[in-house]
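**Q** Each chain, written out:
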Amino acid sequence: MPQQVKLPETLIAILSGLPESGMGYQLVDITLKDGRTLSRRKVLNAEFLLLEETENIHTEDVTGVMLSQRSSS
Amino acid sequence: MIYKAENKLIEELLNKPESGMGYQIIEAKRPFSRRREMFVVYNSEMVVELEDGLDFYKKHPADESLVAEPPVTYGDKISLTGIDVIKPRREDTGSIAGELSEKRRYTNGKAALDNALVNASGKDTFVRLSAYYNDRRIDTVNKKLRPGSYTTTLADYLECKKQKDNPVDRYALPNVQPIAWAFYIEPKASDTYQEGIVQPANGRNGGGLEAFFARGTSDHTFLKTTIY
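First to last, the protein sequences are chains A and B. Residue 844 is where the first sequence starts when you use this note's numbering, and the numbers rise one by one after that. Residue 2 is where the second sequence starts when you use this note's numbering, and the numbers rise one by one after that.
Hints listed in this document are in silico derivations from the structure and should not be mistaken for laboratory results. There's no promise every hint is true.
To be verified - Here are the simulated BS3-like pairs of lysine-lysine, each with C-alpha atoms no more than 27 Å apart in a straight line:
no., chain 1, residue 1, chain 2, residue 2
1, B, 189, B, 225
2, B, 189, B, 144
3, B, 225, B, 165
4, B, 189, B, 111
5, A, 876, B, 9
6, B, 144, A, 849
Unchecked claim - A partial selection of chain B residues facing chain A, derived with a Cβ cut-off under 10 Å:
no., residue
7, 131
8, 136
9, 137
10, 149
11, 151
12, 153
13, 172
14, 173
15, 174
16, 176
17, 177
18, 180
19, 213
20, 215
As the list claims (entries may be wrong) - Estimated spans, in silico, between C-beta atoms of each pair:
no., chain 1, residue 1, chain 2, residue 2, range
21, A, 872, B, 5, 18 to 28 Å
22, B, 126, A, 878, 42 to 52 Å
23, A, 877, B, 119, 44 to 54 Å
24, A, 899, B, 119, 44 to 54 Å
No residue lacks a Cβ here, since even glycine has one placed at the ideal position from N, Cα and C.
Taking the hints into account, I'd like the entire structure generated from these sequences.
**A** In structure tokens, the structure reads:
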């Protein structure tokens, strides 16, 4: 089962007020405290960031979040 | 010629629908070129030139013979711009619903966001499915659905259960846990939404009905929670 990490409460509150990308999830761009940005990542229930297999990210590593731009189909 | 997609291209392709299971037929431009070309992409990363593709594909829109067994060796890396995914042509029924497949999923139609805003009837019930009892899109204080939230219709939810369908696949969800809860919403006639067909996403097929409430619903429209 894919790993997930809970976002900080302040970011959960932000995402809870933003539109979903589908039922129960949002596509977001995440900013980490080391300066990296992770694009188009999935967050479930506005609180759980899905991690890739080798990722090791903790709640306190995540400093910012915004909705990813909708891509054209 | 066969190319490996650059990482940024892979990411872009992963967020676009497939033309069929495991492949995408795309029109795109190479950087600094004005000419649109056609390619077949396997697994969002192996890009194969589709020679004479455009005219051929328009004459043979759903010809699966275009998609032979993927070759196994890569060439150079490639980046592309202006990507359009070409889907197999299906008969346009002129309605949101379209044809129904096995498990009573819809096989054509646009996503909710691509359809017009309509008013709720005031009598219809919508159902939000979730793995989480504390689903954050349900405002349990004001008993309503928060703005920017998706549901399905009661009818499609019941069909999903009747067909013993997989809701994670039907609604194209990236869930790691199974669906466990159903939240019932009855919007008022003053509430608006957009209805459509769940498009393939997250490695899932979609095909269920979806409703997007950009403004959420009025107070006291959240009726109850049940186990899925």
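**Q** Now tell me if each hint is right for this structure.
**A** Comparing the hints with the structure gives:
1. B:189 with B:225: holds (16 Å)
2. B:189 with B:144: Measuring from Cα to Cα gives roughly 13 Å; hence the hint holds.
3. B:225 with B:165: holds (22 Å)
4. B:189 with B:111: With Cα atoms ~25 Å apart, residue 189 (chain B) and residue 111 (chain B) stay inside 27 Å; holds.
5. A:876 with B:9: holds (23 Å)
6. B:144 with A:849: The hint holds at about 25 Å.
7. 131: holds (5 Å)
8. 136: holds (6 Å)
9. 137: Where the cut-off is 10 Å and the nearest Cβ of chain A is about 5 Å from residue 137 (chain B), the hint holds.
10. 149: Constraint on residue 149 (chain B) satisfied, holds at 3 Å.
11. 151: Holds - the Cβ of residue 151 (chain B) comes within 10 Å of chain A, reaching about 4 Å at its closest.
12. 153: Result: holds, 7 Å to nearest chain A Cβ.
13. 172: Hint holds; residue 172 (chain B) Cβ to chain A Cβ min 5 Å, cut 10 Å.
14. 173: holds (6 Å)
15. 174: For residue 174 (chain B), the interface hint holds, since the closest Cβ of chain A sits about 6 Å away, which is under 10 Å.
16. 176: holds (7 Å)
17. 177: holds (5 Å)
18. 180: holds (9 Å)
19. 213: holds (8 Å)
20. 215: The hint holds - residue 215 (chain B) has a Cβ within 10 Å of chain A, the shortest such distance being about 7 Å.
21. A:872 with B:5: 18 to 28 Å: With a Cβ separation near 25 Å, residue 872 (chain A) and residue 5 (chain B) satisfy 18 to 28 Å, so the hint holds.
22. B:126 with A:878: 42 to 52 Å: Holds - the Cβ-Cβ distance for residue 126 (chain B) and residue 878 (chain A), about 47 Å, lies within 42 to 52 Å.
23. A:877 with B:119: 44 to 54 Å: holds (46 Å)
24. A:899 with B:119: 44 to 54 Å: With Cβ atoms ~46 Å apart, the hint holds.
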